[in-house]
Amino acid sequence: MTIPDKDPRLTPYGTTNLGMDLGLIDSLIVPNDLFFVRSNGAIPNIDRDSWSLTIDGAVSNPLTIDFATLAGMPSRTLTAFLECTGNGRTRFAPEAEGTPWLNDAAGNAVWKGVSLASLLCQVCLLDEAVDVVSQGADLPDMRRGLPLQDALDPDVLLVYEMNGEPLPAAHGGPVRLLVPGWAGIASTKWLTRLEVWDRPFTGEYQGNLYVVYDENGDPVAPITRMPVKSVIRSPREGDLVAPGTMRVDGFAWSGYAAIDRVEVTSDGGATWQPASITDSAGPHSWCRWEASVSLPAGTQQLSVRATDQRGIRQPWEARWNQKGYQMNAIHTITLRVAE
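Reminder that position 289 of the sequence shown reads as 289 in the numbering used here, one-by-one numbering, no gaps.
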């Protein structure tokens, strides 16, 4: 299957996934044709004019709306990163199961849509409402439950535009859910139904596939928000660079809060120097950072770490888990510095 309207430089993983090498971008916003793609099934073909959404379950006034009705409602626009749960999976040792993502399954875009909270207000939630369960059109069991308190966050959107353009089919068009800060699986694509449950939802893509399992195969926690993380964009692993002062740059993000600071080290963490945050776009956006470092000749290492505004700092090691989820270990690259 060919994924339409995508840059041929993206890295294919099977037939439904595309990775975006960070070296392809040098901007805060990732263009639609370069944005990574993660899909569990084939991309459905849904026309805007035939699309509809049903909201039912533990509500007093079930509702079905079409695209024109949704697009005519008051809208919100925000910038937010989106990251696959398994982004960076190949950095785990021993190898974890799943798509062998590098640092290429994350991106940042401008999203426009309608707050889910405003629609939930229209249907009048019953007192026993607990989870809002979203249904995607790609697979019958593509369902995810979002706790009610999170679903009522005004920044949780039913998105129909991405970077000022109609939401592309590869990214869930005509309408998808966007849950900022959470793993990408929470932002159901090709949204067709929202069912309010009176108990926690534990379907296949909630209680089995997107759960952290430890080395013994025991479930540890469900996947929700993505942890604080930073990566080096330039220079690249193994690059030959000139001695002296050089520019280092990259991206940092957190599912819990905006990034407060980014630091780099060239001595294994004995000392850290602050990097400059050069661009961002609100609490849900990733930020760009850069620093100047001076390296002597020989083989050298550079590492970066981020701390968010809740004080959560990126760790040296991420906890190993069977599915390779939520890799946020400090990113380190090795460089060859010319004599």
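Be a bit skeptical, because a hint or two may be false.
[Unchecked claim] Just the calculated beta-carbon pair ranges, DEER-fashion:
1. E339 to P44: 55 to 63 Å
2. P296 to P8: 36 to 44 Å
3. E97 to G268: 37 to 45 Å
4. D198 to G14: 48 to 56 Å
5. R236 to A257: 23 to 31 Å
6. S60 to P8: 45 to 53 Å
7. T334 to D7: 24 to 32 Å
To be clear, the hints were calculated from the coordinates, so they are not data collected in a lab. Don't be surprised by glycine CBs; every beta carbon is placed ideally from N, CA and C.
Exercise. Honestly, which of those hints from before does the structure not fit?
Worked result: The structure conflicts with hints 3, 4, although it agrees with all the remaining ones.
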